[in-house]
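Visitor: Here is what each chain is made of, one letter per residue.
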Amino acid sequence: MSISSRLNELGITLPTVAAPVASYVPAVRAGNLIFTSGQLPFADGALSATGKVGADISPDDATAAAQQAALNALAAAAAEAGGVDNLSRVVKVTVFVAAGPGFTGQPAVANGASEVLGAIFGSGHARSAVSCPALPMDSPVEVEIVVEVAG
Amino acid sequence: MSISSRLNELGITLPTVAAPVASYVPAVRAGNLIFTSGQLPFADGALSATGKVGADISPDDATAAAQQAALNALAAAAAEAGGVDNLSRVVKVTVFVAAGPGFTGQPAVANGASEVLGAIFGSGHARSAVSCPALPMDSPVEVEIVVEVAG
Amino acid sequence: MSISSRLNELGITLPTVAAPVASYVPAVRAGNLIFTSGQLPFADGALSATGKVGADISPDDATAAAQQAALNALAAAAAEAGGVDNLSRVVKVTVFVAAGPGFTGQPAVANGASEVLGAIFGSGHARSAVSCPALPMDSPVEVEIVVEVAG
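Chains as they are written, first to last, in my numbering: chain W, 1 to 151; chain V, 152 to 302; chain C, 303 to 453.
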């Protein structure tokens, strides 16, 4: 099944890719790999959540934000590849979680990104999940991915 | 000398790769590169250390934990490559250190990962070492690597 | 125009690459990609700035430090490629900013890296910008890049 069919089956519409700013772009292809920029949980032009996980927002809300950021990253990769069906698999996902020293539940938050990508591609990816004291615009999460293009 | 011979000579037995969880896998190959997940210092099924470096645990203990996490990462890459002797070199190592703003000794901690990988492969790798306010399960370190497969 | 001509036109002289320490190296090539180590804003052998952004040093000074670190990263990649003109484009830039939870201006700081690299190469790159509680040697920024070698 193609990735676009799988997206349809899951009822997922990839978000619009945010217009690139001057100094960097949403994704770059090098050989068969596409590296995306770190993506925030923008939805319809605004962050879907802000604040530090475990203090300002709940882990569950951060998990939903990680899913949104992952879909934004996938949309960026798809645009760079000339369509989502040109992507063969997600290679690596890095999830940065804005949280203080008392929060050690990064894996559950990162699952918001991993589970939706796993459902779409039907395969696993390598993943790192870490914390940061803060992220751009006070976003609770930032997600970057490395994706392989079909050979 | 093969990598497995070198491991024998160094008296290092690669750890068992932790069973993959549902949403991601320990390592993924794309072309001749293998990207691992961020690895914690698990040994025999439990973290070999927990806490923030410089507060809860000493830099020396964190350095030992970084070595353990690096060996776990190498084991994950070796499994993905079909054997450690199929790996030609370590390309990149990223070491995340759980520590507060007063701790700036990340390089010494990261050397726990770099030195063992350097001894095994007999070559250098690019490396980044940074801090995080916290890591999953209150681990003091998390190590991810990019490894090249012999062409 | 070649990259070296563009550097001349911009009045930029690439810094000398710091001597590699024992356990890792400034950059490694794998296929057509070069991964650099995380680079600090060293200039003439000393950090051009130290401290936490927004507390000890201003965002503007951190932006300048990010530019310096990016040039150090580019110099490392150029050395690994056998000359800057062998580099075709910057694929990915990751900027780590040492700052507390109240600082959310990572993008402006990271622009110090992105803008100089964009001016040199005339093309965009993917980018992630995050915060850390501290960086090696109390550096305000650390920059790593992935660069593509001309095929």
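A couple of the hints might just be wrong.
To be verified - Pulled from the structure, derived: some chain C residues nowhere near chain W, Cβ distances all over 10 angstroms: (1) S304; (2) E311; (3) T315; (4) A320; (5) D346; (6) L349; (7) I359; (8) D387; (9) A428; (10) V432; (11) P435.
As the list claims (entries may be wrong) - Covered by chain C, according to a simulated footprint, are these stretches of chain V (three or more residues, beta-carbon under 8 angstroms): (12) 180-186; (13) 194-200; (14) 206-214; (15) 256-265.
Hint data in this document are derived by calculation from the structure and do not stem from the laboratory.
Please read all numbers here as calculations on a predicted model, not as lab measurements.
All residues carry an ideal CB built from backbone N, CA and C; glycine is no exception.
Visitor: Against each hint, give a clear statement of whether it holds in the structure.
Guide: Consistency of the hints with the structure:
Listed as a non-interface residue, C/S304 keeps its Cβ farther than 10 angstroms from every Cβ of chain W; the least gap is roughly 20 angstroms. Non-interface status of C/E311 relative to chain W is upheld: no Cβ of that chain comes within 10 angstroms, the nearest being about 19 angstroms off. Chain W leaves C/T315 outside its interface by the beta-carbon criterion, the shortest separation being 22 angstroms against a cut-off of 10 angstroms. With a least CB separation of 25 angstroms from chain W, C/A320 remains clear of the 10 angstroms interface cut-off, as annotated.
Every Cβ of chain W is farther than 10 angstroms from the Cβ of C/D346; the closest lies at roughly 26 angstroms, confirming the non-interface assignment. Every beta carbon of chain W lies more than 10 angstroms from that of C/L349, the smallest distance being close to 21 angstroms; the non-interface claim holds. With a cut of 10 angstroms on Cβ distances, C/I359 stays outside the contact zone with chain W, its closest approach being about 16 angstroms. No beta-carbon of chain W comes within 10 angstroms of the beta-carbon of C/D387; the shortest separation is about 18 angstroms.
For C/A428, the condition that its CB be more than 10 angstroms from all CB atoms of chain W is violated, with the nearest at approximately 4 angstroms. Not every CB of chain W is more than 10 angstroms from the CB of C/V432 (nearest about 5 angstroms), against its label as outside the interface. Its closest Cβ contact with chain W, about 5 angstroms, brings C/P435 to no more than 10 angstroms, contrary to its assignment away from the interface. Counting residues of the stretch 180-186 of chain V whose C-beta lies closer than 8 angstroms to any C-beta of chain C gives 3; at least three are required, and the coverage claim holds.
For the stretch 194-200 of chain V, the stated coverage by chain C is violated: 0 residues have a C-beta nearer than 8 angstroms to a C-beta of that chain, whereas at least 3 were required. Remark: the stretch 206-214 of chain V is not confirmed as covered by chain C, as 0 of its residues place a Cβ nearer than 8 angstroms to a Cβ of that chain, below the required three. Residue count for the stretch 256-265 of chain V with a Cβ under 8 angstroms from a Cβ of chain C: 5. That meets the three needed, and the coverage hint holds.
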